[in-house]
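Enquirer: For this one, chain W is given, so just place chain C on it according to the hints.
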Amino acid sequence: MAVQDIIDPKSKKTFMIGNQAIARGVLESDVKVTAFFPGSPTNEILDTLYILSGEFEDLKMEVSANEKVALETAAGAAMAGVRGFTSMKSVGLNVASDTFFTLGYTGVNAGLVLLIADDPHAHSSQSEQDGRYYAEAAHVPMLEPSSAQEAYEAVKYAFELSEKYEVLSLIRTTTRVNHQSSNVEIDELDRTTSEKKSWKDVHKKFYTLGAKARKLKENSLNKLENIQEDFEESSLNRVIEGEGTTGIITSGVSFLHVQEALQVLDLDMPVLKLGTTYPLPENTIMDFVDGLEQVIVVEELMPYLEDRITQLAKGSELEIRGKRSGDFGMVGEYDVPRIVNGISSILEIDSPKDYDKFVKKAEELKEILPKRTPIFCAGCPHRATLWALQQAIKDKDYVFNNDIGCYSMFLLEPYEITDSLLCMGSSLGLSSGMQHVLDEKVIAMIGDSTLFHAGLPGLVNAVHNQHDLTLIVLDNSVTAMTGQQPNPGSDFGPDEVTEIDIESVVKSLNVEKVKKINSFQPQDNVDDIVEMIEYQGVSVIISEGPCALYHDRLKRKQGEPIIPNRVDDDTCRSIYKCVRNFYCPAIELNMDSSHTEIKKDLCDGCMVCAKLCPINAIESTGGEKDE
Amino acid sequence: MNEDKFNIMLSGVGGQGLMLLSETIGRACSEMDKKVITGEQHGLSQRSGSIYVHLRIGEDAHSPLIPYGEADLMVSLEGMEALRNIEYLKPDGHIISSNRLVHHPIETNKVVEEEVEEYITIEDIVEKLEEVTENIYMLDSLSLAKEAGNPRTENVVLLGAVTSIPNFPLERDVLKEVVKETVPEKTIDVNLKAFELGYEEGSKNR
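In order, the protein sequences belong to chains W and C. The C-terminal position of the first sequence is numbered 627 in this note's numbering, with every residue numbered one higher than the one before it. The C-terminal position of the second sequence is numbered 833 in this note's numbering, with every residue numbered one higher than the one before it.
No false leads were mixed into what you were given.
Partial list, computed: chain C residues near chain W (C-beta under 8 Å):
id, residue
1, Ser649
2, Gly653
3, Ser657
4, Lys662
5, Val663
6, Gly676
7, His689
8, Gly696
9, Met707
10, His730
11, Ile747
12, Asp751
13, Pro778
Since the hints were derived computationally from the structure, they do not count as laboratory data. C-beta: ideal position from N, C-alpha, C; glycine also.
Okay, chain W solo, but in the shape it has when bound (with noise of 0.2 Å):
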């Protein structure tokens, strides 16, 4: 197992993921206190350092309520003394961002590092937003690793920067670096124990207003020239010696793209890979310019480093290539063919491979393939809730605002039900604006770790301004989509924690309808969530049923088993009800009998089916072994 390697003393050659050798590179720096909010293409740093906190007393790792209070717990450590870190997928930075602008100006004390993870191709995001503005905008150097090997370094690297000059260090990353397993090359780990500090030994204040918040801005942007004089020398800024008068400036994973694009191409050019993209090493740039008749920039996502070495480059002969100039788009993730297509476009030449071939000849034969879209879990208390749902508005003019979560697939095919989806949250806020104008019931629906997230101030502000609108809360225990962690309303974590009760906390907050029912038992919720939908004012559903694969895994824990259920074929007439709207894949046809047949390794033994069946043909297999 990986762990093993992770906590290994030793050093060694390894196989990790990205985001595991990045926990290598936490644990190795001595870091004392770490928080976060999970987020793909993050969690398995967040999973890993949970894992960890239990083998090192002296390492915290908390799950937070959102990214902001992460990055405030990490950040209020290391104001106090000790190295904290957080890391966030991209859209994470932005509910944290607020904090981070003025951690900017004050700057820390110990060792400060946030690791933001952008997604180009929106693989698991609602945007494809581009972090790197966000360093130049908050005044904080920024890292951006190619490789798991890379990203291991830089981890270790930006907190000794973060302590010479005081400040935030920023390190940025994709998709393709996080999720990205290769030989890893890990040091030894030495951790110091770690004592309760005292404030008075801190000789420093955080703060910020008016002449101070001028003078602070004005120290953070003197540190910058001092931190760009040092990336100037850095070997994370490399250049890859070639031929001609045409070379290639890249950063991130695109570099290793690049490489092999070259190689395809057969092409020996000059490449300059940058590590350190702000501030950027200028000098450096201008030196590998220096020669060269024409430069072609390849990065993901906006033309970031483009558009400032147009700037750089101003007024000299230099052509610069890159998305600007038509040749490489902004949407969407790079890969050897993009960049193959892009130079050999740029130095019209013919490309020695014809990629589009591939893909096309691959749509007319994928045309009888199936979709397979995400879709819930066998045993998912949402897919109850949401067949519930289905019946009580069928009948209904309804607005509904969706929320991100498991349940945000409510919006995919076979379901195709939302209206809105923008960020955490956002169901409450819009649902309220919605209904000071539309004449139709609106919905809002959000999870419970969504709900602590960002999804209190939106209620809090419906009651206030007593809005009418009914919100749907899924309670399924943890933080499902991103691999069930615990959130605020879980009764475990990695260390002992109070388990707040959503009941009682909308409750508290006046709201007058409130009604909790049990996800399982979708024909009586039917009723319930009609009447709820009914009423003038701010109603509250809860629903509550725990995630089945977090179910599962405590069940298989404590060595109950799972069982599941089957289908009496002498009994079943070909109805369909387990079938229609209720999507579950752990029910298939037999196409022999043309009956419904359990999956017995994917049916959790929810008996939901079983309680949709009008004629009883679903029964658990009471656990009697496979034939």
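Expert: Chain C only, in chain W's frame:
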């Protein structure tokens, strides 16, 4: 130009144990001091969705993603998923896939609503795959896993079968050793048996 590069496209359905395949192959590379890099699809944790791993071995493999048409080998834990990633396979590349089909609820619903007559079949899939390569081996991985003693070892059956590919760049014994180190202790014997059964079945085809 003789490049040091061997590309494997791994695919399957969430919950089938695909990550064990990339983990064991990757660790075996590490043991053999070979350069290895992967591009993995994580993200949403729900089961039953399409998942893949690009796995690349050799000094000339830089990018975490296999360029289209350059996978030497496709390993799929589910039949449809082999076809779903077919743009990555080299013409005449090898396919080792489970013959098992996992039908998605959308597909089931379409059959129920009579929008389609019946489920897609493994023969439909193979017919399409054959337009790209003749080197297709559909394995009854579930039966072999059951024979090994645990239906959950289908992934290791396929791993064993992979080592029967003539130009597969890793030593079978190293891979086997890594499997031993990676799986839970109680399941070592079952997994090793699954590995052997997969290898034997794969070798029959050569």
